[in-house]
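In order, the protein sequence lines correspond to chains A and B.
Quick note: the first sequence uses our numbering, first residue 1, plus one each step.
Quick note: the second sequence uses our numbering, first residue 1, plus one each step.
Heads up, a few of these hints could be off.
Stated by the list, open to error - With a straight-line cut-off of 25 Å between C-alpha atoms, the simulated DSS-like cross-links for lysine-lysine are: (1) A:Lys27 to B:Lys420; (2) B:Lys325 to B:Lys227; (3) B:Lys682 to A:Lys27; (4) B:Lys682 to B:Lys666; (5) B:Lys120 to B:Lys295; (6) B:Lys479 to B:Lys494; (7) B:Lys565 to A:Lys27; (8) B:Lys479 to B:Lys799; (9) B:Lys227 to B:Lys479; (10) B:Lys420 to B:Lys480; (11) A:Lys27 to B:Lys494; (12) B:Lys480 to B:Lys120; (13) B:Lys375 to B:Lys565; (14) B:Lys480 to A:Lys27; (15) B:Lys21 to B:Lys120.
Unchecked claim - Covered stretches of chain B, going by a simulated chain A footprint (3 or more residues, C-beta under 8 Å): (16) 97-105; (17) 307-317; (18) 672-684.
Hints listed in this document are in silico derivations from the structure and should not be mistaken for laboratory results.
Predicted model only: the values in this text are computed from it and were never measured.
Note that the Cβ used here is the ideal one computed from N, Cα and C, for glycine as well.
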Amino acid sequence: MSIIYMLLAISVFVALIFFAAFIFSVKNGQYDDTYTPSVRMLFDDEIVKEDATKLNETTEKPTVPKKG
Amino acid sequence: MTSCFHCGDPCDEELIVHHDKNFCCYGCKTVFDILNDNDLNYYYDLEKTPGNSPKISETKFEFLDNPNIVGKLLEFDEGNTQIVSFLIPSIHCSSCIWVLENLNKLQPAVSNSQVNFPEKTVRITFNSETLTVKQLVLLLAQIGYEPYISLEDAKPKERSHNKKLIFKLGVAGFAFGNVMFLSFPEYFQETEFWLDSFKHLFRWLMFSFSLPVVFYSGQDYFISAYKGLRSKILNIDVPIALGISVLFIRSTIDIVFDLGSGFFDSLTGLVFFLLLGKFFQQKTYAYLSFERDYKSYFPMAVTQLLKKEDGTYSEIQSEVHHIKKGDRLLIRNNELISVDAVLLKGEALIDYSFVTGEANPVSKASGDTLYAGGKQQGGVLEIEVLKPVSQSYLTQLWSNDIFSKNNKSPFQSITDRISKRFTVGVLSIAFLATLVWLIYDASHAFNVFTAVLIVACPCAIALAAPFTLGNILRLFGKKKCYLKEASVIEQMAKIDTLVFDKTGTLTAAAKNIIRYEGVDLSEEEEELLATSLRTSNHPLSRALYKELQKNNICTLDEYEEILGKGITARIAKSEIKIGSHQFVTNESDIVVSETNPNRTGVHISTNNTYKGCYIFQNQYREGIAETMQTLANKYELIVLSGDNEGEREYLSELLPKGTKLYFNQKPEDKLQFIDNLQRKGKSVLMMGDGLNDAGALKQSNVGIALSENTNVFTPACDGILDARVFNDIPNFLSASKRGIQIIQWSFLFSLFYNIIGLSFAVTGHLKPVIAAILMPLSSISIVIFTTLLVRFYVGTLLKR
């Protein structure tokens, strides 16, 4: 049953990693603005789509769309 | 009517068709061109009519040429890289985010720009070699996103996010989960070989997990309890601190002497739930500020005139703080005068609505004193400073004691009031039970004593108010009433007197009804009137001209505008006089005696015959009479106005009987008035809108600022109400009362749990597993109970 020492150590260690990740993310300001990233995330997709339709019309070689 | 493709405003003044699209002004068209030329058309795909009409005045940002001022704005400045953050009030939709984050397509020197939508700020990193801050600001202004730069930006920024509470909550939650997990084996199996060999390890691990919870996460409760005791108040934190310390000491003794597994699970759970309540109670509206003073209204810099050796003057941009007595300043159209000064040169037409609430601008002649807070409407002025910004008449208001005091009147929350009785009750039960056990079986006495204090820890009581008020706070927020903190709701429930400002609060700001009294004007005369008004820059002329809507503009033969009096104009043989009563009437005429000299009116006479008068009347908010009538049943109503008595009659007719009206109230008078009411034992809610109400808003028990547009700044207050929901005020007030009822019911509910717990405790049967079930159960059921009640009992009030 001494394996339990090992298991305990691992479980506490894993928990501490998550705890450290939490502290890091708060300190880093990841929770300061919870709205804008949700909007920003959608922009890039839309641009790709728009560029793709334009390219289809002109039947040019597709290029990598510029990211904003 | 066609609306502008860019900003959506109706194109009523002019219509510009460009690229088959309609624009309301050249500004909007320019923005469209800029975006179009840079392939940023996607802006219009995201949102229909997303833009703002750009209103740029070239001179407005000249102060950004001064490197000292720019230095204060910069967040980071090293080598070629500069970072600056701007507040842009016009950010309002996803298109705004998109175009601001694509600034580098418009200006290659910008390397990165990031929008914080809730705070309406943008943080821009740019190359300082190719782009100056001024150019950047002008670019933003050009595309309709003019940054708001005020005196407030001059002081170093502090980000006061309440991150500490999040950390404490994180620590408590982390420890709670792990302790729960470690204490599980001992809940059910009392004796088993392998458990016996490991339980000490488990217990000491739990002990170490609970250390940061007690000494870090829970420290606020100890501090608050200590402060409370020192000022002889038994606040709710006293029994909580007592509970935490007893839990910790008892558990430590238990594991040291191998008496049991301790109550570490309950301890960490308790602190976690309490902090969760605290966290829930605060709801911040990132872009609203409840702490503003004159600094957010005042410009950062002014144009100073420096005398050169040869006697001529040169203009420089100086910081407002550096302006001293005797300096000469230049004030342009629409600029705010930030000091008390003497007018030297120019025609001053000062709009003091900001300071006094008086709606119409006043004319000043050279030699007159101008007070800080006035806004020039018209030409350029030269002034000489009498008092610098910090000593001016207006800013003196902020040196009143009320602004330095952190807390207003000592306010005892409903939880603190009950906690006094609760603490006394629990302590007496604890001592009584211990006494009985000392006689009966002394070995159990310590156990019973600590068990009572543990189980009676008022977790559920402490959670009732935060969750009820937190829920109501969110509900109010959805209904466009934004409160600063949860305790404002408790204060609102106690209000018995409502004080209203008039201009901008009871009346809709910048909305006038113009009514004509007198002899009808002929078509010809009306044309002459419109033509003369068109030439004038006086705000009343502009307003009246817009109302008349005459297209037939003829050429004037003669035109003269006498400052502060009126206009004389002539076409062929018809002459017109427009202006004050005194100006247009000649003594020889049979004068239609002016009934009310305080009314705002524009008088007309043609060819020396008095014709009549256009009366400007404030437009009161729709439904105001009914709303005030509803309020009058429950509250004492008072109107405090900085305006003159011109509308007394009309107002006393409009408002319910018994409403007291006071006029000509200066900012300090308002503050003093509220203070006097409070001395008489009244609980006052003040509702105002401008800087002139700032003192009264601060002094009152609850100060609510009314705002037509939450993007525009409001003075320091406890809450901001969107003007559109003005008629819901009675509902908000009753909702706050219902909230207090819910808290009281929750107290009864949690008392029921305490009685169950106490019955275990006094009989000496409180096992860790029972405490570990009872504590979260009571907390969670209180949370559910209050949330549901708020939704159904309070929510129905605000549903329309």
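Here is how each hint holds up against the structure:
1. Of the pairs offered as hints, the one joining lysine 27 of chain A and lysine 420 of chain B is violated, with about 38 Å between alpha carbons and a cut-off of 25 Å exceeded.
2. Taken as a hint, the lysine 325 of chain B and lysine 227 of chain B pair is broken in the structure, with Cα atoms around 46 Å apart against an allowance of 25 Å.
3. Distance hint between lysine 682 of chain B and lysine 27 of chain A is unfulfilled; the C-alpha atoms sit about 45 Å from each other, more than 25 Å.
4. With a C-alpha separation of about 21 Å, the suggested pair lysine 682 of chain B and lysine 666 of chain B falls inside the 25 Å cut-off, and the hint holds.
5. About 19 Å separates the Cα atoms of lysine 120 of chain B and lysine 295 of chain B, which keeps this hinted pair within 25 Å; it holds.
6. As the CA atoms of lysine 479 of chain B and lysine 494 of chain B are separated by approximately 21 Å, the hinted pair is consistent with the 25 Å bound.
7. About 62 Å separates the Cα atoms of lysine 565 of chain B and lysine 27 of chain A, which puts this hinted pair outside 25 Å; it is violated.
8. Pair hint lysine 479 of chain B plus lysine 799 of chain B holds up; C-alpha atoms about 9 Å apart against a cutoff of 25 Å.
9. For the suggested pair lysine 227 of chain B and lysine 479 of chain B, the alpha carbons sit about 37 Å apart, so the restraint of at most 25 Å is broken.
10. With a C-alpha separation of about 36 Å, the suggested pairing of lysine 420 of chain B with lysine 480 of chain B is violated against the 25 Å cut-off.
11. Using a Cα cut-off of 25 Å, the hinted pair lysine 27 of chain A and lysine 494 of chain B is violated, with the two alpha carbons roughly 40 Å apart.
12. Note on lysine 480 of chain B and lysine 120 of chain B: the hinted pairing holds, with a Cα-Cα distance of about 18 Å set against a maximum of 25 Å.
13. For a cut-off of 25 Å, the pair hint linking lysine 375 of chain B to lysine 565 of chain B stands: about 20 Å separates their Cα positions.
14. This hinted pair does not check out: lysine 480 of chain B and lysine 27 of chain A have alpha carbons roughly 31 Å apart, beyond 25 Å.
15. A distance of roughly 29 Å separates the Cα atoms of lysine 21 of chain B and lysine 120 of chain B; the hinted pair therefore is violated under the 25 Å criterion.
16. Three residues within the 8 Å Cβ limit are the bar, and the stretch 97-105 of chain B against chain A gives 5, so the coverage statement holds.
17. Residues of the stretch 307-317 of chain B with a Cβ under 8 Å from some Cβ of chain A number 0, which does not satisfy the need for three, so the listed coverage is violated.
18. Here the stretch 672-684 of chain B counts 0 residues with a CB under 8 Å from a CB of chain A, which misses the bar of 3, and the coverage is violated.
Hints 1, 2, 3, 7, 9, 10, 11, 14, 15, 17 and 18 from the earlier list are contradicted by this structure; the remaining hints agree with it.
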